[in-house]
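Trainee: Let the hints inform the model, and build the full structure from the sequences given.
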Amino acid sequence: MANVQDIRRRIKSVKNTQQVTKAMKMISAVKLRKTQERLLALRPYSTKLDEVVRHVVGRLRAVPTLQPGPVAQAFLAPREEKNIHLVLVASDKGLCGGFNANVLREAQAFLRDCPSHVAHFQAIGKRSIEWARKRQLKANGEHTGLAVTELKQVASEIAAQAAEQYEKGEIDALYVVFNYFQSAVAQVPMVMRVFPVEIEPHVEFRAETPHLLEPDPNEVLEHLLPLYIETELLRCLLESSTSEHGARMAAMDKASSNAEEMIAKLTLNMNKIRQASITNQIIEIVSGANA
Amino acid sequence: MSNPIKLEVLTPERLVFSAMVSEVQFPTAQQGYYGILPDHTPVLTPVGDGLVFFQQDDQPHCLTVFGGFAEVGPDRVTLLARESETIDQLNPEQIEREQQQALALLKEAKDEAALQAAQRRLDASLIRQQALSRDTSH
Chain X
1 MANVQDIRRR
11 IKSVKNTQQV
21 TKAMKMISAV
31 KLRKTQERLL
41 ALRPYSTKLD
51 EVVRHVVGRL
61 RAVPTLQPGP
71 VAQAFLAPRE
81 EKNIHLVLVA
91 SDKGLCGGFN
101 ANVLREAQAF
111 LRDCPSHVAH
121 FQAIGKRSIE
131 WARKRQLKAN
141 GEHTGLAVTE
151 LKQVASEIAA
161 QAAEQYEKGE
171 IDALYVVFNY
181 FQSAVAQVPM
191 VMRVFPVEIE
201 PHVEFRAETP
211 HLLEPDPNEV
221 LEHLLPLYIE
231 TELLRCLLES
241 STSEHGARMA
251 AMDKASSNAE
261 EMIAKLTLNM
271 NKIRQASITN
281 QIIEIVSGAN
291 A
Chain P
1 MSNPIKLEVL
11 TPERLVFSAM
21 VSEVQFPTAQ
31 QGYYGILPDH
41 TPVLTPVGDG
51 LVFFQQDDQP
61 HCLTVFGGFA
71 EVGPDRVTLL
81 ARESETIDQL
91 NPEQIEREQQ
101 QALALLKEAK
111 DEAALQAAQR
121 RLDASLIRQQ
131 ALSRDTSH
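Chains as they are written, first to last, in my numbering: chain X, 1 to 291; chain P, 1 to 138.
Just so you know, these hints were derived from the structure itself, not from any lab. A portion of the hints provided could be inaccurate.
To be verified - Subject to a maximum C-alpha distance of 30 Å in a straight line, what follows is the list of computed DSSO-like cross-link-like pairs (lysine-lysine): (1) X:Lys-93 - X:Lys-82; (2) X:Lys-25 - X:Lys-12; (3) X:Lys-93 - X:Lys-48; (4) X:Lys-168 - P:Lys-110; (5) P:Lys-6 - X:Lys-48; (6) X:Lys-22 - X:Lys-126.
Mentor: Shown next, in the form of structure tokens:
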């Protein structure tokens with residue numbers, strides 16, 4: 001039977017762990033709030049940009065007389081997807097529940113079912129780099145230890161690179177695998193095709209006169225595409241980062257309450273043992289006195 | 001005086017400006033300035049770097065804008081800018097520092113890419129400075 005001293009020691013160690021998990025939970029909560037603010041701030045911008053892109057593309061697709069330039073083509077007439085550029089976004093650190101496992105499983109499934117060749121692969125976060133190494137996937141670009149403020153820079157670099165590759169014909173599509181931030185407790189891994197843009201037939205053509213495209217439609221598209229890719233990538237990175245903190249917060253919350261439970265059990269156990277030994281001693285004294 | 005146009009300036013980081021104004025001028029990427037009065041025909045055009053001028057209650061104002069897109073409707077101007085600041089978001093000392101840094105980089109620049117990057121930073125700081133000097137003159 002374990003003695004009281006041992007159990008006391010264990011309670012102490014569990015308490016220490018609980019303090020660590022509690023602190024991590026609080027840190028994650030703060031970081032979650034910060035990244036979430038950024039994500040929310042990006043939303044009006046990206047919604048508007050998306051609206052503009054859909055409007056322009058929807059209209060230009062209806063006008064077949066246009067001779068699109070190489071970049072504009074990515075929007076208007078998707079090529080057959082032979083080579084793709086894949087960006088995999090995971091986190092640098094663990095201790096965030098199923099966050100990394102889920103997104104990596106999603107990536108695995110995507111690679112298995114994907115008929116096209118991954119011509120260019122980019123890994124963001126240590127976990128995705130390790131994952132790629134294990135599967136002997138050569139990463140053409142790796143990013144680790146990114147602060148929230150650096151995401152914009154990274155997004156614009158990747159966007160510029162992808163647009164250039166598309167123009168050269170090295171890739172036909174850009175995909176991102178990341179965790180979509182549904183709420184602080186629910187993160188959904190998903191695969192998104194950034195371009196070519198998928199557009200439902202434009203039903204709600206706005207009643208007002210269609211926009212003039214200045215200086216000309218091609219020019220507008222050539223400016224719009226990089227901006228659009230950049231914004232979408234930034235959104236994915238922010239979604240992933242927000243999800244990470246959300247997942248970590250949930251995991252650490254769970255860990256803290258588990259520790260609480262364990263302490264309660266151990267304390268109960270300890271008291272029982274202590275009481276048992278006291279009872280024993282009393283019995284001994286009483287029986288000694290009786291004798 | 002009525003302000004019939006809704007001017008909105010959005011960046012990926014925040015909503016920079018949103019108010020009703022009566023006249024807007026913004027720089028385009030290639031064709032110089034674009035002036036917008038009420039009931040302008042809808043236009044979509046890339047935005048360049050520079051100052052956006054607008055009239056609010058008969059008072060001239062300006063803000064900075066760097067790249068992006070403009071969507072113009074009869075009663076609105078929406079600028080989707082890569083970066084943008086209103087006057088009160090600018091800090092003169094910081095701009096001064098930024099300008100010194102850009103000048104130093106410009107001197108040290110060895111290849112074309114570094115030269116261009118430094119030049120861009122210098123231009124941006126000049127535009128911001130211009131915005132500040134305009135504001136104090138009113």
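Trainee: Run every hint past the structure and note whether it holds.
Mentor: Right, here's what the structure says about each hint:
1. Distance hint between Lys-93 of chain X and Lys-82 of chain X is unfulfilled; the C-alpha atoms sit about 34 Å from each other, more than 30 Å.
2. Among the hinted pairs, Lys-25 of chain X with Lys-12 of chain X is consistent with the structure: their alpha-carbon atoms are about 20 Å apart, no more than 30 Å.
3. This hinted pair does not check out: Lys-93 of chain X and Lys-48 of chain X have alpha carbons roughly 34 Å apart, beyond 30 Å.
4. Restraint check: the Cα-Cα separation between Lys-168 of chain X and Lys-110 of chain P comes to about 28 Å, which is no more than 30 Å; the hinted pair holds.
5. Restraint check: the Cα-Cα separation between Lys-6 of chain P and Lys-48 of chain X comes to about 15 Å, which is no more than 30 Å; the hinted pair holds.
6. Distance check on the hinted pair: Lys-22 of chain X and Lys-126 of chain X sit about 24 Å apart at the alpha-carbon level, within 30 Å; holds.
Taken one by one, the earlier hints fail for this structure at numbers 1 and 3, listed in ascending order.
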